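Heads up: the sequence lines are chains A and B, in that order.
Residue 1 is where the first sequence starts when you use the working numbering, and the numbers rise one by one after that.
Residue 225 is where the second sequence starts when you use the working numbering, and the numbers rise one by one after that.
Treat each hint with caution, since some may be false.
[As the list claims (entries may be wrong)] Think about it this way: if two alpha-carbon atoms lie no more than 35 Å apart in a straight line, the pair counts; the simulated DSBU-like pairs of lysine-lysine are:
| # | chain 1 | residue 1 | chain 2 | residue 2 |
| --- | --- | --- | --- | --- |
| 1 | A | K192 | A | K153 |
| 2 | A | K81 | A | K192 |
| 3 | A | K153 | B | K249 |
| 4 | B | K252 | A | K153 |
| 5 | A | K2 | B | K252 |
| 6 | A | K218 | A | K201 |
| 7 | B | K252 | A | K192 |
| 8 | A | K2 | B | K325 |
| 9 | A | K27 | A | K107 |
| 10 | A | K107 | A | K2 |
| 11 | B | K249 | A | K192 |
These are computed hints drawn from the structure, not numbers from a lab.
Computed from a predicted structure; not experimentally measured.
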Amino acid sequence: MKRIEVIQNVLEANDTIANRNRQLLDKHRIFVINIMSAPGAGKTSLILQTLARLKGKLNIAVIEGDVASTVDAEKVQSKAKVVVQINTRNMPESCSLMAAMIESALKDMPLDDIGLILIENVGNLICPAEFTLGEHRRVVISSLPEGDDKPIKYPLIFVDADAVIINKMDLLPHVDFDIAAFRRSITGLNPKVEVFQLSCKTGEGVERWCSWILEQVKTNVVKR
Amino acid sequence: MHELGVTENIVNIASTKAGEAQANKVIKINLVVGELSGFVPDCIQFYFDSLSRDTVAQGAVLHFESVPAELRCRDCSTVFRPQDTLWSCPECGGRSIEIFKGRELYIESMEVE
Numbered sequence: 001m002k003r004i005e006v007i008q009n010v011l012e013a014n015d016t017i018a019n020r021n022r023q024l025l026d027k028h029r030i031f032v033i034n035i036m037s038a039p040g041a042g043k044t045s046l047i048l049q050t051l052a053r054l055k056g057k058l059n060i061a062v063i064e065g066d067v068a069s070t071v072d073a074e075k076v077q078s079k080a081k082v083v084v085q086i087n088t089r090n091m092p093e094s095c096s097l098m099a100a101m102i103e104s105a106l107k108d109m110p111l112d113d114i115g116l117i118l119i120e121n122v123g124n125l126i127c128p129a130e131f132t133l134g135e136h137r138r139v140v141i142s143s144l145p146e147g148d149d150k151p152i153k154y155p156l157i158f159v160d161a162d163a164v165i166i167n168k169m170d171l172l173p174h175v176d177f178d179i180a181a182f183r184r185s186i187t188g189l190n191p192k193v194e195v196f197q198l199s200c201k202t203g204e205g206v207e208r209w210c211s212w213i214l215e216q217v218k219t220n221v222v223k224r
Numbered sequence: 225m226h227e228l229g230v231t232e233n234i235v236n237i238a239s240t241k242a243g244e245a246q247a248n249k250v251i252k253i254n255l256v257v258g259e260l261s262g263f264v265p266d267c268i269q270f271y272f273d274s275l276s277r278d279t280v281a282q283g284a285v286l287h288f289e290s291v292p293a294e295l296r297c298r299d300c301s302t303v304f305r306p307q308d309t310l311w312s313c314p315e316c317g318g319r320s321i322e323i324f325k326g327r328e329l330y331i332e333s334m335e336v337e
């Protein structure tokens, strides 16, 4: 019997594909945002609001990740330039998108006609934290009915987020959600994080989020 | 639930390394798993037993070394173990905290023959 040193990150296979995705995206000057949240926090609603407001400013494609169904893709279909649905039910990970799934989705997309891709990850606060996809920004949505303790219960996803959105602000009078405590928790874990308070239902605050996207795209993607 | 893909990688890495070492059988795989990583050793073991079937890694023992979480205060640089779910610095009470250790997931070494 002999012992061999290995020291190899088990997530390396995913990271390697994520890096390859990133190179392909950068080559085509496409900016990608990975949107993560618990089920029902408002990922699809945010995407619909974003598509409506950025219409004419950017060609936006959407990649929808769900365990099953094409419900979300159908909602987004008429608003986005391209929609690709990934169903994870029969894949090695059903609880999160992985870089290889994005790699194959990109093969079906007209990359030269796209400026921004919004990826709707599978609704889950645990698994998506472990897998990078090749995205430029990671965004987490928390909605008021979920409670203000999520950053304490699921720190990893908040640690790596570039932006956190507090959605369903219109419900504030009806729920016990301490906005200040929530913001303290996330900025403690992640001092550089950008925080948005908005309501996809009323549209309040969505403008600022969309301006942030435009600014990120402008500063990170070299114009042709 | 997200251990399946990860376990596939473990089997792949073990098979590749065993091939490089011209080994016929993997006896043991020593894995390092951080306390804060979302990976559950029992779950990895469960998938491993079926994924390793008919590979050089079939029957190998998975040994998990857990790395306890260590946090670092961004204000005073104190490194500490989290005592509860509210992460704050035991020295200065600061709430600006970064993860220092505990997110690992790697194969440290293997025993082959």
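Here's how the hints hold up against the structure:
no. : hint             : result
1   : A/K192 to A/K153 : 20 Å, holds
2   : A/K81 to A/K192  : 32 Å, holds
3   : A/K153 to B/K249 : 41 Å, violated
4   : B/K252 to A/K153 : 34 Å, holds
5   : A/K2 to B/K252   : 10 Å, holds
6   : A/K218 to A/K201 : 28 Å, holds
7   : B/K252 to A/K192 : 42 Å, violated
8   : A/K2 to B/K325   : 29 Å, holds
9   : A/K27 to A/K107  : 14 Å, holds
10  : A/K107 to A/K2   : 44 Å, violated
11  : B/K249 to A/K192 : 48 Å, violated
Hint compliance for this structure: hints 3, 7, 10 and 11 are broken, all remaining hints hold.
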